[in-house]
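As they're listed, the protein sequences go chains A and B.
This note's numbering applies: residue 564 is where the first sequence begins, and numbers increase by one.
This note's numbering applies: residue 3 is where the second sequence begins, and numbers increase by one.
Read the hints as simulated data drawn from the structure, not as lab findings.
Glycine included, each C-beta is placed from N, C-alpha and C at the ideal position.
DSBU-like mimics (lysine-lysine), calculated; alpha carbons at most 35 Å apart, straight line:
# : chain 1 : residue 1 : chain 2 : residue 2
1 : B       : 83        : B       : 28
2 : A       : 588       : B       : 83
3 : A       : 588       : B       : 28
Calculated from the model, a selection of chain A residues having no Cβ within reach of chain B, i.e. all distances over 10 Å:
# : residue
4 : 610
5 : 618
6 : 622
7 : 625
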Amino acid sequence: MAEAVYILCAMTSVACAVLLLRAWKRTESRLLLWSGLCFVGLAVSNVLLFVDLALLPPSIDLYMPRLLSTLAAVSVLLYGLIWDAT
Amino acid sequence: MLRSMLNGAVAMGWLACALFFLRFWKQSHERLFGFFALSFVVQALNSAASGLIDAQDERRNYIYVARLVAFLIILYAIWDKNRGNRRR
Numbered sequence: 564m565a566e567a568v569y570i571l572c573a574m575t576s577v578a579c580a581v582l583l584l585r586a587w588k589r590t591e592s593r594l595l596l597w598s599g600l601c602f603v604g605l606a607v608s609n610v611l612l613f614v615d616l617a618l619l620p621p622s623i624d625l626y627m628p629r630l631l632s633t634l635a636a637v638s639v640l641l642y643g644l645i646w647d648a649t
Numbered sequence: 003m004l005r006s007m008l009n010g011a012v013a014m015g016w017l018a019c020a021l022f023f024l025r026f027w028k029q030s031h032e033r034l035f036g037f038f039a040l041s042f043v044v045q046a047l048n049s050a051a052s053g054l055i056d057a058q059d060e061r062r063n064y065i066y067v068a069r070l071v072a073f074l075i076i077l078y079a080i081w082d083k084n085r086g087n088r089r090r
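Can you make the complete structure from the sequences, with help from the hints?
If you want it as structure tokens, here you go:
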């Protein structure tokens with residue numbers, strides 16, 4: 564059950580990234596570009612989540628890389644919102 | 003300690019993003035922005051909970067369910083927006 568949630572998190576975040584970046588290519592809206600890049604970071608974090616908790620043994624802990632990729636994703640969106648998209 | 007701090011930073015970042023989208027929503031009355039704000043608030047609560055709940059706590063799984071809900075809100079928002087465009 565838990566593994567299904569991890570893989571769904573990964574799949575939905577990848578889908579969000581793809582849809583937002585496709586919408587950006589169509590409309591050239593900068594807000595969509597930053598949102599899409601944010602979701603690329605979240606997709607990385609969630610793929611790592613699945614790899615960490617479902618594939619790798621408990622002795623290997625990817626918590627920090629997951630947390631840092633999420634922080635990077637939020638920072639990218641915040642940078643875009645503050646400097647570019649408003 | 004470092005983990006809690008970083009989780010707190012992520013939560014704060016999500017809340018700041020949510021406020022930006024809330025402003026866009028108030029200005030444009032575009033539902034897409036409202037859904038984005040809602041999703042980011044869920045993600046902020048999620049990060050705050052991650053920082054507070056112990057790694058061995060069994061309730062941890064619910065955090066990932068909430069995260070999934072946040073992503074599904076975004077997917078619904080994009081679908082809703084595309085549907086609106088097609089109808090117009």
